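Protein chains: 2
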Amino acid sequence: MKRLTCFVALLFSLIVSAGSAAQDASEPLLVEKQSFSFENFETLGGEVIPEVTIGWESYGELNEAKDNVILITHFFSGNSHAAGKYNGDDALPGYWDSIIGPGKAIDTNKYFVISSDTLVNAFPHDPNVITTGPASINPETGKPYGLDFPVVTIRDFVNVQHRLLTSLGIEQLHAVIGASMGSLQALEWSIAYPDMVERMVSVIGAGAMDAWTIMTLEHWARPIKNDPNFNNGDYYDAEAPLTGITSTLAMITQQAMHPVSMNMRAPKPEVLPEPALESVLNSTPVLDFLFANAAQRAPLADGNHLLYLVRANQLFIAGHEGDLASGLAKVKAKTLFLPAKRDLLLQPYLAQQAVSLLEQQGKTPGYDEIDGVWGHLDGLFSIQSKASRIEAFLETE
Amino acid sequence: MKRLTCFVALLFSLIVSAGSAAQDASEPLLVEKQSFSFENFETLGGEVIPEVTIGWESYGELNEAKDNVILITHFFSGNSHAAGKYNGDDALPGYWDSIIGPGKAIDTNKYFVISSDTLVNAFPHDPNVITTGPASINPETGKPYGLDFPVVTIRDFVNVQHRLLTSLGIEQLHAVIGASMGSLQALEWSIAYPDMVERMVSVIGAGAMDAWTIMTLEHWARPIKNDPNFNNGDYYDAEAPLTGITSTLAMITQQAMHPVSMNMRAPKPEVLPEPALESVLNSTPVLDFLFANAAQRAPLADGNHLLYLVRANQLFIAGHEGDLASGLAKVKAKTLFLPAKRDLLLQPYLAQQAVSLLEQQGKTPGYDEIDGVWGHLDGLFSIQSKASRIEAFLETE
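Sequence order for the protein chains is V and A.
In case it helps, this note's numbering puts the first sequence at residues 76 to 472.
In case it helps, this note's numbering puts the second sequence at residues 76 to 472.
By construction, these hints were calculated from the structure, which means they are not laboratory data.
There's no promise every hint is true.
Heads up, incomplete: computed chain A residues facing chain V, CB under 8 Å, no partners named [to be verified]:
#	residue
1	VAL123
2	TRP131
3	ASP302
4	GLU353
5	SER354
6	LEU365
7	LEU390
8	HIS395
9	GLU396
10	LYS438
Now the in silico label distances, taken between C-beta atoms and shown as ranges [unchecked claim]:
#	chain 1	residue 1	chain 2	residue 2	range
11	V	ASP164	A	SER354	43 to 49 Å
12	V	LYS343	A	MET339	35 to 41 Å
13	A	THR241	V	LEU356	30 to 36 Å
14	A	SER354	V	LEU356	50 to 56 Å
15	A	GLU107	V	PRO360	32 to 38 Å
16	A	GLN428	V	PHE113	53 to 59 Å
17	A	SER354	V	ASN304	31 to 37 Å
18	A	ALA467	V	PRO342	39 to 45 Å
Bear in mind that the values here come from a model prediction, so they are computed numbers and not experimental data.
Don't be surprised by glycine CBs; every beta carbon is placed ideally from N, CA and C.
Let the sequences and hints guide you as you build the complete structure.
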């Protein structure tokens, strides 16, 4: 439990000395990872998962009325660790520690903030992650599910979180807030449980996947599917498809960034480096910067989990029925959309599409762009620039 | 010789009915593919290729003084076929037919326009392509070179073209013009042969590869390197790495486009399509649109050639010595840079970097952005919007 989520660790390591996303490390919130299990979960696709276990953590205190709850939903490569530290000597706090904590935008003196790991989390071998997916043991066979695990959707992630909240007696959400894939969950929450969600914040998000993004996600899946070790997802007794996973993680890392931030951090390209001239198979320091780092993280990920996450995202359209307008018609929550201006992965037009449809329905979604040089990752590293906007939104009646 | 270059054919098929890049199909210029060979070519890396053969074609007439020559250098997935048709019944003309021809911006009534296939062309199995690379027969062994072929650079492409022009008695270029990888060659021409090049036009181009783009290119290489059939480049007696090549071509196609143009052309994503819910391995119409098309073109490409092209581009820094400023210091040509406003592959900052350095050297590069919804491909499909700018530039003294 002392390890950091590696994806976050990598990205934070990139910004060491950048100073552009300084974390407030004073008085670290100490948090504890917990576990929640239940049986016979029926998916949106009509399949039943006999046992589901997910990890979760919380910051602040649940009040007696249980009406001060803010749910944080995590991004593709993330997990429940949104704020605080598990141990005082952890190198880094959770990914949104700059806005979650005592006196911060999401004030843990006022709110009970809770966050859980999703189903099919990308990094099931990260000791901080507790998830259920293809790498989990199928109680019917005593072996990992592999591709026998049912395809799951963002709605399923939401329904699992709903079970967790119900188990805690929580029937109302002051707000649900998420970045990237977390934004899909946040929006889906406000449609699946419209009477329960009072406020919804979508950070670097979308209302539905467009063809462009569905294709982008497929590029993340193909290196794993085409890895010689993949074996139709049945590799748990043999070598894992680590080469494919490495390609996938490297693509995700790059696409979540922007040329400005990448070029600031990466080694300067050399002029006619000897090894690169000797063979097309030889690497260079620039390539090592991206791929060697991804290779280090690959063993904590699972190939099948990544494929299931890709599929869950590809299938996303808020409400999962008819068209996007039909889904958004069910939203009762106040909404705020915060795309990142230089996002190359989920460009602002995706958030704008949802905002525009909500406005056509007579609603008043808030909209503001996060400025920064990180691209998609400005949703994490530059979120502090929208702290007061988020704080004010949470205080609206 | 009747086939169209498949990459171009695909992209043009995408815009059928779009009408945004209408080709002027009246009075098609009829052109003939020719071949040029020479021996003992020494690469920038100091290796010798015993025999080089490349294809070329021309439009217009070489005047007696041989001073009306415009060289067109091709993009990554392209070849010499920049304008006209090989046969009157070809479905489509060359890729820049909208600006090359009698009375057009690059007026073949005035200029002798010539274009050649590069070394290590991506599609050596396209019957319209004549190239030398790893798939060519090594005269020393009687078998394909595979990875014994020396790594080549953009400078080598230029030097081969120089040999072709010299063989035709051409010692002066009125202009050299290229898009994307063609822009790298055009700029390199003006540094390698500064007294020979009078004008240089860089379309959707760069002065040097930055770390970001070097990484992007590596994503194109890895599916081939990691294909089980790759066998260290030695697959010519066995199955080709077509699965990897398909991934690569699909990535290139997407990255050369923009969400707007892609979403206009691709099928509308379905809500909870049954096959996609049944297995993460199942495809959808959106994915087929991209990947099935790429799979169709894959047999005309060669895996090793793609790796060599990737490497040539990764190694590009204009002048190939010291830093970019040192290379650009040698430029004597008048220059014009035309990046595409919505380019996601070679974003305008790359052209701006070269322009800024040239200005610091007291030169007066022209700069203008191509507007459109195609992204990188606006350099092909929207080039007509800059026809008068190019025409005027070619008329400057």
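Evaluated hints:
{"no.": "1", "hint": "VAL123", "in the structure": "violated (14 Å)"}
{"no.": "2", "hint": "TRP131", "in the structure": "violated (25 Å)"}
{"no.": "3", "hint": "ASP302", "in the structure": "holds (7 Å)"}
{"no.": "4", "hint": "GLU353", "in the structure": "holds (7 Å)"}
{"no.": "5", "hint": "SER354", "in the structure": "holds (7 Å)"}
{"no.": "6", "hint": "LEU365", "in the structure": "holds (5 Å)"}
{"no.": "7", "hint": "LEU390", "in the structure": "holds (6 Å)"}
{"no.": "8", "hint": "HIS395", "in the structure": "holds (6 Å)"}
{"no.": "9", "hint": "GLU396", "in the structure": "holds (6 Å)"}
{"no.": "10", "hint": "LYS438", "in the structure": "violated (22 Å)"}
{"no.": "11", "hint": "V/ASP164 / A/SER354: 43 to 49 Å", "in the structure": "holds (44 Å)"}
{"no.": "12", "hint": "V/LYS343 / A/MET339: 35 to 41 Å", "in the structure": "holds (39 Å)"}
{"no.": "13", "hint": "A/THR241 / V/LEU356: 30 to 36 Å", "in the structure": "holds (34 Å)"}
{"no.": "14", "hint": "A/SER354 / V/LEU356: 50 to 56 Å", "in the structure": "violated (34 Å)"}
{"no.": "15", "hint": "A/GLU107 / V/PRO360: 32 to 38 Å", "in the structure": "violated (46 Å)"}
{"no.": "16", "hint": "A/GLN428 / V/PHE113: 53 to 59 Å", "in the structure": "holds (56 Å)"}
{"no.": "17", "hint": "A/SER354 / V/ASN304: 31 to 37 Å", "in the structure": "violated (19 Å)"}
{"no.": "18", "hint": "A/ALA467 / V/PRO342: 39 to 45 Å", "in the structure": "holds (42 Å)"}
Of the numbered hints listed earlier, those contradicted by the structure are 1, 2, 10, 14, 15 and 17.
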